[in-house]
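In the order they appear, the protein sequences are chains L and P.
So in our numbering, spot 125 of the first sequence is number 125, and the numbers just go up one at a time.
So in our numbering, spot 264 of the second sequence is number 264, and the numbers just go up one at a time.
Everything labelled a hint here was simulated from the structure, so no lab data went into it.
Worth double-checking, as some hints may not be accurate.
Claimed, not checked - Label-pair ranges, simulated between beta-carbon atoms: (1) A180/L to D152/P: 50 to 60 Å; (2) D152/L to D95/P: 27 to 37 Å; (3) W96/L to D152/P: 46 to 56 Å; (4) R221/L to Q98/P: 42 to 52 Å; (5) S193/L to D94/P: 52 to 62 Å; (6) Y49/P to S310/L: 42 to 52 Å.
Claimed, not checked - Taking lysine to aspartate or glutamate and the EDC-like style, the derived pairs with C-alpha atoms no more than 16 Å apart in a straight line are: (7) K244/P to D94/P; (8) K172/L to E253/L; (9) K126/P to D94/L; (10) K126/L to E72/P; (11) K249/P to D94/P; (12) K249/P to E168/P.
To be verified - Going by beta-carbon spacing under 7 Å, a handful of chain L positions derived as facing chain P: (13) W50; (14) G51; (15) I54; (16) T81; (17) Q83; (18) R90; (19) G93; (20) W96; (21) Q98; (22) A105; (23) R115; (24) S119; (25) L135.
All values reported here derive from a predicted model rather than from experimental measurement.
For every residue, glycine included, the Cβ atom is placed at its ideal position computed from N, Cα and C.
Number of protein chains: 2
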Amino acid sequence: MAQQNSVISGKVLALSGGVGGAKLARGLAEILAPEQLTVVANTADDFDYWGLRICPDLDSVMYALADLNDTERGWGLAGETWQTIAAMRRYGGDDWFQLGDQDMATHLFRSQALRRGDSLAQVTAKMAAQLGIGLRLLPMSEQPVATRVHSDIGELAFQEYFVRERCEPAVKSLEFSGLAQASMQADFAALLSDRELKAIIICPSNPFVSVDPILSLPGCRDALASAAAPVIAVSPIVAGLALKGPAAKMMAELALPASAVAVAEYYQQRYGALIDGFVIDSSDAQLAAQFRTLAAEVEVCPTVMTDLDSKVALGQACLQFARRFAN
Amino acid sequence: MAQQNSVISGKVLALSGGVGGAKLARGLAEILAPEQLTVVANTADDFDYWGLRICPDLDSVMYALADLNDTERGWGLAGETWQTIAAMRRYGGDDWFQLGDQDMATHLFRSQALRRGDSLAQVTAKMAAQLGIGLRLLPMSEQPVATRVHSDIGELAFQEYFVRERCEPAVKSLEFSGLAQASMQADFAALLSDRELKAIIICPSNPFVSVDPILSLPGCRDALASAAAPVIAVSPIVAGLALKGPAAKMMAELALPASAVAVAEYYQQRYGALIDGFVIDSSDAQLAAQFRTLAAEVEVCPTVMTDLDSKVALGQACLQFARRFAN
Numbered sequence: 001m002a003q004q005n006s007v008i009s010g011k012v013l014a015l016s017g018g019v020g021g022a023k024l025a026r027g028l029a030e031i032l033a034p035e036q037l038t039v040v041a042n043t044a045d046d047f048d049y050w051g052l053r054i055c056p057d058l059d060s061v062m063y064a065l066a067d068l069n070d071t072e073r074g075w076g077l078a079g080e081t082w083q084t085i086a087a088m089r090r091y092g093g094d095d096w097f098q099l100g101d102q103d104m105a106t107h108l109f110r111s112q113a114l115r116r117g118d119s120l121a122q123v124t125a126k127m128a129a130q131l132g133i134g135l136r137l138l139p140m141s142e143q144p145v146a147t148r149v150h151s152d153i154g155e156l157a158f159q160e161y162f163v164r165e166r167c168e169p170a171v172k173s174l175e176f177s178g179l180a181q182a183s184m185q186a187d188f189a190a191l192l193s194d195r196e197l198k199a200i201i202i203c204p205s206n207p208f209v210s211v212d213p214i215l216s217l218p219g220c221r222d223a224l225a226s227a228a229a230p231v232i233a234v235s236p237i238v239a240g241l242a243l244k245g246p247a248a249k250m251m252a253e254l255a256l257p258a259s260a261v262a263v264a265e266y267y268q269q270r271y272g273a274l275i276d277g278f279v280i281d282s283s284d285a286q287l288a289a290q291f292r293t294l295a296a297e298v299e300v301c302p303t304v305m306t307d308l309d310s311k312v313a314l315g316q317a318c319l320q321f322a323r324r325f326a327n
Numbered sequence: 001m002a003q004q005n006s007v008i009s010g011k012v013l014a015l016s017g018g019v020g021g022a023k024l025a026r027g028l029a030e031i032l033a034p035e036q037l038t039v040v041a042n043t044a045d046d047f048d049y050w051g052l053r054i055c056p057d058l059d060s061v062m063y064a065l066a067d068l069n070d071t072e073r074g075w076g077l078a079g080e081t082w083q084t085i086a087a088m089r090r091y092g093g094d095d096w097f098q099l100g101d102q103d104m105a106t107h108l109f110r111s112q113a114l115r116r117g118d119s120l121a122q123v124t125a126k127m128a129a130q131l132g133i134g135l136r137l138l139p140m141s142e143q144p145v146a147t148r149v150h151s152d153i154g155e156l157a158f159q160e161y162f163v164r165e166r167c168e169p170a171v172k173s174l175e176f177s178g179l180a181q182a183s184m185q186a187d188f189a190a191l192l193s194d195r196e197l198k199a200i201i202i203c204p205s206n207p208f209v210s211v212d213p214i215l216s217l218p219g220c221r222d223a224l225a226s227a228a229a230p231v232i233a234v235s236p237i238v239a240g241l242a243l244k245g246p247a248a249k250m251m252a253e254l255a256l257p258a259s260a261v262a263v264a265e266y267y268q269q270r271y272g273a274l275i276d277g278f279v280i281d282s283s284d285a286q287l288a289a290q291f292r293t294l295a296a297e298v299e300v301c302p303t304v305m306t307d308l309d310s311k312v313a314l315g316q317a318c319l320q321f322a323r324r325f326a327n
């Protein structure tokens, strides 16, 4: 990852869910020196499957940062094959969650390391380094947190809702099981009090199931508020739609209008005046004025990331936006 | 598996190692009704790898019985692919033992079931049934037994010797760690006192690392000797060579001549007058007279199994031979 003319000196923290957040993280990685950037991924959709520990968001970010992700399918590894799951079907084993044959190595390597006593951060760092990723990729927490979806068909584990039920059940509420006993991963927590931290970027990830688990970790909200760096959030809602995933559908079910403003209002209601600036898509420019009532700055720019150039451009926009809050 | 004209009524027990034993088991399965045949596989070469429980002999037999084995390569599944191990190499993970992508499902399904509390026999039965295997396939024991190879380069776990070191170190002695604490799998033990048992066939497997672990289980030798059925052993040495694997090389290292007679003498020295009849290959016909001194019957027939017909023919020969001991 070549360092381009950096628009910011000091350190940057990106908080990410899966695919959407991974795209912006990839853009930031192109702009910043590896030692400048830390990406913290949500782990509340982690789960056990086939006896393995699966960390979908962490892996999506890792694969995107290593340029190994499948950009056509939108998830998983490029050139993936599906022999193990086909053989698993012969045994009548679970097959609702698709694990590819290359992807399998990640889950096997991680699960074995965890059983041997590595922390999730340690094994993630080992794998990321082997894939040539120089920046720091961290899980939000070492303790298991599990998103539970209270839906019209009952309570579901997140991946049951997301993959097995294809987000079809209507969401009534979400619960992060284990959250109260979890703590922020140590390097993540330390970075928030680092004077060198110049920007905190909340990636365009699902507010309810990707960002909330991170921000709801004990002490996280206050540590973010106390950090010297501004908190910038990129809206995952563009022109009333979620680019990927169930964010817009969830907003409807949670009686929120699906708009970038409603996302900002939701964050303000839940976390108070935590977020200093919102990045919204050019197609939502007419909404900019509404952010004034939230006492938040707003940056309007293209936020739809379709290739590396657009990922880098959004990363640049976020960093330049953050600089405006400096002193 | 169609039942052909059965040459024997009642039950048959086959004791097997991996590939060679699996071939004869497949032949027997073609001849006998599923409820007649029990195959017990060696589990002393089982080991843990990538956090999974690997049972090479049990799987070789299962794959052969399901006609899923790769007959060209001689081990593993037909049509196998190798994506997971390639991806594991990216992480710097172990890659000395080749696990294919289809094969992986077996290890995942088994490991998960064992962690959930299934016995090895239970999960083996589940998988075998799903693969359409009607007969009973059993591990020799539920307790872990691990063959340790004392060699000229030090002590090795069996698969380290067999796969990683390609059988190159000279074997000084073998040890079956855990054997004293292990017991015969319950259905295996029960079958030996079943009056319906009409033949016990020791498949043409490696005497030292496949057959010895089974026969050395506490109580096994005596239970075999007390069984009503004759014990028939098929020589794994043909014309002074092992058809597959290191049996002949081991015999040289253990100062035994590589011959069918030496195998018989080895068994007699170790187990006394346990084996009632030996099946040797037609190419070793001139050795037949030497078995008289062992007080054992000998059957001379083609024992090299290259296709289903030759597997069935050897199975028929073994069963007809066993009938000669009736009353």
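- Task: Mind checking the hinted window 27 to 37 Å against the Cβ distance between D152/L and D95/P?
- Result: Violated - the Cβ-Cβ distance for D152/L and D95/P, about 47 Å, lies outside 27 to 37 Å.
- Straight-line alpha-carbon gap K126/L to E72/P, limit 16 Å: Violated, because 38 Å separates the two Cα atoms, which is more than 16 Å.
- Task: Determine whether the Cβ-Cβ distance between R221/L and Q98/P falls within the hinted range of 42 to 52 Å.
- Result: holds, 49 Å
- Task: Against chain P, run the beta carbon of Q83/L and see if the smallest gap drops under 7 Å.
- Result: Holds, because the Cβ-Cβ distance from Q83/L to chain P comes to roughly 4 Å (cut-off 7 Å).
- Query: With 7 Å as the cut and Cβ atoms as the points, is L135/L at the interface with chain P?
  - Reply: violated, 18 Å
- Does the nearest C-beta of chain P fall within a distance shorter than 7 Å of the C-beta of G51/L? holds, 4 Å
- Straight-line Cα separation of K244/P and D94/P no greater than 16 Å? Outside the cut-off at roughly 25 Å; violated.
- Item | Distance restraint hint 52 to 62 Å, applied to the beta-carbon atoms of S193/L and D94/P | The hinted range 52 to 62 Å is violated for S193/L and D94/P, with Cβ atoms some 39 Å apart.
- Item | Verdict for W96/L, D152/P (Cβ pair) under range 46 to 56 Å | Roughly 51 Å apart at Cβ, these two residues keep to the hinted range, so it holds.
- Task: May I ask you to test the interface hint for G93/L with respect to chain P, counting a Cβ-Cβ separation under 7 Å as satisfied?
- Result: holds, 5 Å
- Query: Is the distance from the Cβ of Y49/P to the Cβ of S310/L consistent with 42 to 52 Å?
  - Reply: holds, 43 Å
- Query: Taking 16 Å as the top limit, are the C-alpha atoms of K249/P and E168/P close enough?
  - Reply: holds, 9 Å
The earlier numbered hints that this structure contradicts are 2, 5, 7, 10, 11, 15, 20, 21, 24 and 25.
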